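Start from the sequences, fold in the hints, and give me the full structure.
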Amino acid sequence: MSVEAFCECGHLNEVPDTLAGGIVNCAACGRATQVPGLRDHYWTALKLAAAVGWALVTAWAYTAAGLPGALIAAVGGALALFVLSRML
Amino acid sequence: MSFNLRRFMIRRKIFTVLGASFHVYDPDGQVVAFSRQKAFKLKEDIRVYTDETKSTELLTVLARQVIDFSAAYDMVDSAEQRKIGAARRKGWSSILRDSWELLDEQDQPIAQLREDSAFKAFLRRFLSNLIPQHYHLRTLDGHDLATLCVRFNPFVYKLEVDVTGDIDVRLVLGIGVLLAAVERRQG
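The listed protein sequences derive, respectively, from chains A and B.
Residue numbers are given in our numbering: position 17 of the first sequence equals residue 17, and the series is strictly consecutive.
Residue numbers are given in our numbering: position 93 of the second sequence equals residue 93, and the series is strictly consecutive.
Worth flagging that the hints you see were computed from the coordinates, not collected in a lab.
Just so it is clear, the structure is predicted and the values come from calculations on it, not from any experiment.
Among the clues, some could well be false.
Said to hold, decoys possible - Below, computed lysine to any residue pairings styled on SDA-like, alpha-carbon distance capped at 25 Å: (1) K47(A) - F82(A); (2) K38(B) - H11(A); (3) K38(B) - L56(A); (4) K54(B) - R31(A).
Quick look at the structure:
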């Protein structure tokens, strides 16, 4: 199985999936090119789910505890999302 | 600027708030590089700079996967923006004796790094840093390329590197920093 890695020069590199998530030198220009990871879409889905969860919890906190609750939930959620995006 | 020292020492910085930092010293005791392991990263991301100001990046070491038993780390020369090779940890072998493969830019094995002896490796796993780790980097047919020796010091991690064979020194620096960051953490 192979993975496609687009270089900034526009060249499409087809590389073995053992290189997924890693780096390969572009066959056309030689520049180091990032190869998409096989599980990248799972991490993207996880981040989206966390963002949706953040919005829902903030809305729930607003109905349950008013503006202060919503503010606490919003700030806490934003921090959690920031850490998550840094980790992945 | 490219790293081309054949003897150097990697020393872990003791007080680092997040992540880990390492200084690289030449045989005269001058700092010739500074390495920073990013905190809060599931995928290992280690950068090597010319100094602590981090203005000039020499080398980037990036893990391919978040969770990987036989983790592979690509090394990129930051100035040339070219991958110079990779290091792959041999997961099963490393349980009893640390074992790595050094790969060229085409991902083909060119050398292997192993702890000096299986018996000492076994003892180290029970006595921790009382027996410092020694590694030999050899070609696939057994010719010595470099030795990497941890100095006995229970408080500060120091790894002495001596490149004796014909190999890209940047790759040795990369695997040295990886050993300091990854193997040290795994104990």
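Comparing the hints with the structure gives:
no. : hint            : verdict
1   : K47(A) - F82(A) : 10 Å, holds
2   : K38(B) - H11(A) : 30 Å, violated
3   : K38(B) - L56(A) : 31 Å, violated
4   : K54(B) - R31(A) : 22 Å, holds
The structure shown violates the earlier hints numbered 2, 3.
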